[in-house]
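Assemble chains R and Z onto chain D, guided by the hints.
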Amino acid sequence: MTTASTPADVARAEEARATDGAPRTGSSLGYLRHAAGKLGGALVSLFAVLVTSFFLFRIIPGDPVKAMTHGIPTSAEQLATLRRQFGLDLPLWQQFVDYCAKALGGDLGTSFQFRAPVGELIAEKLPATLLLTGVAVVIYSALGLWLGTRSAWRHGGLGDRLNTGIALTLWSVPSFWLGLLLIIVFSVGMGPIPGLFPTGGMESGTGETGFAHVLDVAHHLVLPVVTLVAVGYAQTLLVMRSSLLDEMGGDYLTTARAKGLRDDDVRRRHAVPNALLPTVTMIFINLGHVAAGSILVETVFSWPGLGGLFYQALSVPDLPLVQGLFVVFAGAMILMNLIADLLYPLLDPRVGR
Amino acid sequence: MTSTEPTAPSGTTASSGTTPATESSPATAPGKKKPPPATASTPATKSSLTWARRRSTVARFWASYRTRRAGLLGLAGLALIALLALTAPWTVGADVQSVTQAPGTALEPPSAEFPLGTDQFGRSLLGLLIWGARISLLVGLLAAVLSVAIGTLVGIIAGHYGGWFSTVVMRITDWFLVMPTLVLAIVLATVMSRSMWTVVLAIGVTSWPTTARLVRAQTIAVESRPYIERATALGGGHGHVMGRHVLPNVMPLVLAQTTLGISTAILTEATLAFLGLGDPTVVSWGGMLQDARDAGAVSSGHWWYLAPPGIAIALVALAFTLCGRAVESVLNPKLGVSR
Amino acid sequence: MVMVTKAPPRSASAAHRALRLLLAAGVTAVSLVAVPGTAAAEDDKSAGNTLTVAVSQSIDSLSPFLAQKLTSTSIHRLAYEYLTNYDAKDARTIPGLATAWTPSADKLTWTYTIRENSTWSDGKPATAEDAAWTFNKMMTDPNAATANGSFTANFAQVTAPDAKTLVIRLKKPQATMTALDVPIVPKHVWEKVGDFSKFNNDKQFPIVGNGPFVITDFKVDQYIKLKPNKTFWRGAPKFDELVFKYYKDGDAAVAALQKGEVSFVPNLTPAQAAALGTQKNIKVNDAPGRRFYALATNPGAKAQDGKAFGNGHKALLDPEVRKALFLAVDRTTLVDKVFQGHAVEGEGYIPPRFGSYFWKPETGQKRTYDPAEAAKVLDAAGYRKNADGKRVGKDGRPLDFRILCHATDPNDKAVGKYLQEWWGELGVGLKVECLDSVSDPWVKGDYDLAFDGWSVNPDPDYVLSIHTCGTLPETPKDSGATDNFICDRQFDGLYAQQAVEYDAAKRADLVKRMQSRLYDTGYMNIMAYPNALEAYRTDQIKSITTMPEAGGNLWGQDGYWSWWSAVPAASASEGESSGSSTNIWLILGPAAIVLVAVGVWTARRRRSTADDRE
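Protein chains in written order, with our numbering: chain D, 278 to 630; chain R, 8 to 346; chain Z, 411 to 1024.
Some hints here could point you the wrong way.
To be verified - Sample of chain D residues with no beta-carbon within 10 Å of chain Z, all distances over it, derived: (1) F324; (2) T329; (3) F334; (4) H432; (5) L612; (6) L619.
Stated by the list, open to error - Derived lysine-lysine pairs resembling DSSO-like cross-links, with alpha carbons at most 27 Å apart: (7) K613/Z x K581/Z; (8) K786/Z x K499/Z; (9) K648/Z x K637/Z; (10) K608/Z x K379/D; (11) K613/Z x K379/D; (12) K717/Z x K786/Z.
Derived by calculation from the structure, the hints in this document are not laboratory data.
What you are looking at is a predicted structure, and each value in this text was computed from that prediction instead of being measured.
The beta carbon of each residue, even a glycine, is placed where N, CA and C say it ideally should be.
Excised from the complex, chain D in its bound form (with noise of 0.2 Å):
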């Protein structure tokens, strides 16, 4: 059964499952097709998000000219000077087309309050969000992968009841708020405990270089990547312990056991590797999140960051850059689930190549 793309996990470990009783149709051929189909909707996907993108952000109330301009006098021919520097006083349709062409030419246009490439502010702000979301990936994906395994392969006991209880607690908290108590306690400092980290920032700017440098923004990493790592890492969690235990009613296991192998091999060997599937596939969708997601602990965290941009870019509104970070975090998802419908086929190993 062929089901339309989808980014849910859910619906691609149920796709998983189908597979199952499909015969076994994969070729390279037929993998060929798959990639391009896929290709093809993602380039769709994203040529509406460009549109989108582009009316969405003309329906913010405001003139953005007058909205910059507001308790700075400013004589009509300075704003008309802001409008034509802006493209605005062009008609919409006019200014759609010259979007379009230009979108599709890489550039997203000039910001109205930053004046520089909206493209270029971007690729400033993205390795920091990069790097926070990424190394909180990492870990919590590990962490997630590792307790779930755990839980799973003694579900029902203490220590699965206490593991999954703990993760759902830790992922029912704002991130936000954990974040704000984090810098209380371990920031500024709470009785006994010093304040260990730094307050904000990614970097503490005193000039260090190479090696230095690199612990200094590790150090500055700490906080954020927690934040983000304990209200996360549930959902890698549970997905990989539900998988195991669906794994482990597999009569295979039973044969792999009559075998006379150990459990402990039975668990490396087998279940694990099949109940990675639907996991591997989330924590790739959960990559294409993180960049919007990390908005919050951004600006708690003052990580100079996009999502930082993006909250100030709305209250102008500088609609160019608005539409830009929008391109930005929808394509990111896109990509991931790109990514992730062309690795399944790859790393399921039930679908022959």
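Same frame as chain D, but now just chains R and Z:
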């Protein structure tokens, strides 16, 4: 991040990767829930029979749910919080949110008179916390209901009509799925005026696609059963099939989705309020956190202002998640092991 | 469902390897963050005397021709000399790049003498030629006029007959000729710039300037670094480095101050000020502000062509309604509760800090808080309560107002709550509409009431001018300098009189009469004058000049006095001794966590293998 990010559909998160209905296994869908043979043989019989059957279904559901400890815990927690919220007009009274009649002075630490201290206007934080539960729960409930309602409608229609129509609708749904939901909700909340309804709408219209997908799959599963064919042959129109046969069958799924959705919605409400996108004149948990931050409670060491609303949000979200997971595992016996 | 036997061993081990890789990456990341304490400890010492200022507002541009935000213009004040400056004591005009200035009799030609001892940081002298080039660029290139074009809009010609003489000819007299807040840039650097609308001046460091500091480094939303200009004509600043560091969250900035990561934090909340006030080595500066905080009522927005626009509530056109509303505002409570005492109760339009212009209403004129009187006024004006307790006008329209509030300003939201309750008692409804950017409904006239506030300059001309008819937009489509669409003939007449009055006392009297008139109209109701709340570390800054010198503020001064004058504390090492004990913790803490984690893991591992064997 999940907690603050409605994009990660809680349904998928907490459902442990398995859901009651799947597109891929239409024939094996919730067979246990409602014995098809009985329904199939008598599509339109006396209502008493229908009611008896529904009663027994509910009884069976409860019997199964009762064995799930986490689910019971969540349910008990919810009952307690709901009781507190519903009786708030008598226990704390609407006056608790009045700034002009505030009983205390600004930012008092916890004391016998104010067990959780006071806010910057001298209002009792315990009173505000209880009063705030009303708005937080209401917004969470309304937003989840709105989201699930949209999802169910889209899902049933897409599943029922099929063909190119379904393809187009599902393409749109897929496309919504890749939208960064929090970003979209922030944009919507920024555009519209600050009010509770704005928040409900912003959450509702951005978080429905997961439900739509699941409901569509379930709809297809239900409609592939023979009795539907018979009902159509007997002259049942589209409305009849969707309303009388499909809807009752997707209701359990919808229930599970709503329960899980509320927990996400409450977190999103808190997030939006924290970003200053809520109604500042209404007391909600997220709004209290925003007020605490406005007052500079974090750096002044007023932890008693900051901690309780966050804990309250986490507890309610957790309770709804536990209930939702329990409901799901009842509906999908395969998950029985996970309790 | 039939389970197909799955998991060929080959791909299984591949997937397992992937898992191991993930775990390994995680562990590496953890160990990375576990060590950094040592690095931070060593680097603290090499910094020398650094003055670090916490800022939250982003830099819009480092080009003086584009920058409009307060942070950017404050930094330009430090990096470039302007023609004139304001005295730290009383804000009168004093020499800057110009040492003297003389207007012609008709006030249309101004001649400035440029100082000879100012040099650019690349060694070239700063001359009248640079100033003339700067102004001419702004006059001829609209892109260069983006930020400060209003100063040069009225210029007819600017010339530099010699290196120390600058002559500006005007089209008509201009009041701001001794307050031309325009950074003068070096011609030899800037004449190479092509498109002024795109050049942000942030690619090449250090940036050539002639102010007390030189901009040496900039990272968007992370920091801006400046080094003292050793050849600055007024004397070099005492600190070795000035850093503006970004904290998007106010609490994070205060926490950084407590830890000594920054030396100065502006814009504190009352709670933060109270908490910091009790701490060692921190001084809280609670200075009378230069702002007023007002309740503006929409007087029925109109353009100069007479066309009305916007959707302001008609009942507010009735002076009795405006009077009654303000009678029901308890300013004392607002100062006590919202500002926690860090404000002065509102009276006239100009804050008491500017003593010569400050005005307060006479007893008979004053609208003292009196809700009963407010109810009487409304009853008399024909707005009676209906069965629901709501007041209804003669047209049957209830008195339900909207108030525009800045979502980013906690005070607006707090005062909104009080107004809602006070006016609710009166039978008047109020909807608090908070927006990130209130500009749009504001310029369209789509509001009933609004929270309003302006920083007042030593010369009140500008803040008075924005309530004259001449500043209304020409047509509803245009944008005007007007603040609240006020157009009052009596006010305008007084404004015109004070503009040509050269006798200080007489002018002050006229300005007070203007404030009295404004008070009576009820369009601008001043609720409070908020204080400037800021704090700095006394173990890092020994002394610093406020403006005005007696009890003034530090952040957002008209000149560069605060940072130029700051003297580093001798015992700057004191902070580090406490820092080193922190650093021990930094190493021990994460190490302990890692140890515990490893221990738990091994224990569980052993137990699990044991379980497997059973």
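Comparing the hints with the structure gives:
Distance to chain Z confirms F324/D as a non-interface residue, since its nearest Cβ pair spans about 29 Å, more than 10 Å. For T329/D, the shortest C-beta to C-beta distance to chain Z comes to about 22 Å, beyond the 10 Å cut-off, and the non-interface label holds. Its beta-carbon lying about 14 Å from the closest one in chain Z, F334/D satisfies the requirement of being farther than 10 Å from that chain. The claim that H432/D lies off the interface holds: its Cβ sits roughly 13 Å from the closest Cβ of chain Z, which is beyond the 10 Å cut-off.
Taking the minimum C-beta to C-beta distance to chain Z, about 20 Å, the non-interface status of L612/D holds against the 10 Å cut. Every C-beta of chain Z lies more than 10 Å from that of L619/D, the closest at about 16 Å, which supports listing it as non-interface. Taken as a hint, the K613/Z and K581/Z pair is broken in the structure, with Cα atoms around 37 Å apart against an allowance of 27 Å. A distance of roughly 48 Å separates the Cα atoms of K786/Z and K499/Z; the hinted pair therefore is violated under the 27 Å criterion.
As the CA atoms of K648/Z and K637/Z are separated by approximately 10 Å, the hinted pair is consistent with the 27 Å bound. With a C-alpha separation of about 17 Å, the suggested pairing of K608/Z with K379/D holds against the 27 Å cut-off. The straight-line distance between the Cα atoms of K613/Z and K379/D is roughly 25 Å, inside the 27 Å bound, and the hint therefore holds. In summary, the hint linking K717/Z to K786/Z is not supported, as the alpha carbons are separated by about 34 Å, beyond the 27 Å threshold.
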